[in-house]
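Kindly generate the complete structure, drawing on both the sequences and the hints.
There are 2 protein chains.
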Amino acid sequence: MANEPWLEDDEQKAWRSYLLMWKLLETHVARHLQREFGLSASDFEILVNLSEAPTGRMRAFELGQATQWEKSRMSHHLTRMEKRGLIAKVACDARYPEIAITDQGLDAIRACAPAHAALIRELVVDTLGTDRLVALGEASDDVVTAVGKHLETTCPPAVRGE
Amino acid sequence: MANEPWLEDDEQKAWRSYLLMWKLLETHVARHLQREFGLSASDFEILVNLSEAPTGRMRAFELGQATQWEKSRMSHHLTRMEKRGLIAKVACDARYPEIAITDQGLDAIRACAPAHAALIRELVVDTLGTDRLVALGEASDDVVTAVGKHLETTCPPAVRGE
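Top line first, the protein sequences correspond to chains A and B.
Per numbering that gives the first Met the number 0, residue 0 is the first one in the first sequence, and the count goes up by one each step.
Per numbering that gives the first Met the number 0, residue 0 is the first one in the second sequence, and the count goes up by one each step.
By construction, these hints were calculated from the structure, which means they are not laboratory data.
Treat the hints loosely; a few may be bogus.
Once the Cα atoms are required to be at most 27 Å apart in a straight line, the calculated DSS-like pairs of lysine-lysine come out as [claimed, not checked]: (1) A:LYS148 to B:LYS70; (2) A:LYS88 to B:LYS22; (3) A:LYS70 to A:LYS12; (4) A:LYS22 to B:LYS22.
Label pairs and their computed distance ranges (CB to CB) [stated by the list, open to error]: (5) A:LEU18 to B:LYS70: 41 to 49 Å; (6) A:HIS75 to B:ALA110: 17 to 25 Å; (7) B:THR54 to A:ALA59: 43 to 51 Å; (8) A:GLY37 to B:SER71: 14 to 22 Å; (9) B:GLU69 to A:GLU69: 19 to 27 Å.
Note that CB positions come from ideal geometry on N, CA and C, so glycine has one too.
Below, the structure is given as structure tokens:
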């Protein structure tokens, strides 16, 4: 049995707990953003990335790397956000425009950021305390490294979106 | 500053690490299921829930509670899975049929389960080791409890989908 790849009971239990947290947190935080600020989790993700870019602009493929979204999802979502005035496409290059956050987009992210941070603080930071949160961050870094290694060994560059 | 709800640098760093793990793991596991077994992460989630139900059947609202999906997403996805023969709607009650996993659905989940478990073992279980995985599970349980309390204090029952 030692070489069986199946999960042991305690491993399975911990993994299920993690999956439940992931799902509840994702859903709850998304509903909070939508209800209080009229932003979807996808809107929020794009606005955070753009607002933290040094120039307030990124190309769609850079947003794709940051969000891991598929191209078609990115394209459709950016079109919807442009119609709502949250972003603008700036055509420095006609084929690959830059995506820029607008003043309206900046206002939107500034309006929701404090309440979003407060929610994360209440649900996660204060719940776990600093030591356990830091341990969660270190565990996360190790899993991120493992995923990166797995991608290198199993997928040709084209599959990695490069 | 003590009462500011913003995140401290080390908290922010840990939270970002967690978000990156969440995103990479979700994307990588979903692509693996799609590439190797032709199942989306959504297909997998429904099939796991049904295959673990004692009768192999659940009502749509029970699947909704388990997955936290919105009603319209659930309805559309179940229709697509029915067309592909993975599930069947069993009309014990014309308005609220039960969703049953089919033999084809069972074959699909049995075919991918070992490889899926092996991937989770490689990326998470073996990366963290048992002690850190159990700690992750306990941290997850505490966050799940915190989200539950937050729901009780902030949302009326209707918003909780009851």
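Okay, the hints, checked on the actual structure:
no., hint, in the structure
1, A:LYS148 to B:LYS70, "38 Å, violated"
2, A:LYS88 to B:LYS22, "26 Å, holds"
3, A:LYS70 to A:LYS12, "35 Å, violated"
4, A:LYS22 to B:LYS22, "12 Å, holds"
5, A:LEU18 to B:LYS70: 41 to 49 Å, "22 Å, violated"
6, A:HIS75 to B:ALA110: 17 to 25 Å, "32 Å, violated"
7, B:THR54 to A:ALA59: 43 to 51 Å, "47 Å, holds"
8, A:GLY37 to B:SER71: 14 to 22 Å, "19 Å, holds"
9, B:GLU69 to A:GLU69: 19 to 27 Å, "20 Å, holds"
Checked against the numbered hints given earlier, this structure breaks hints 1, 3, 5, 6; the rest are met.
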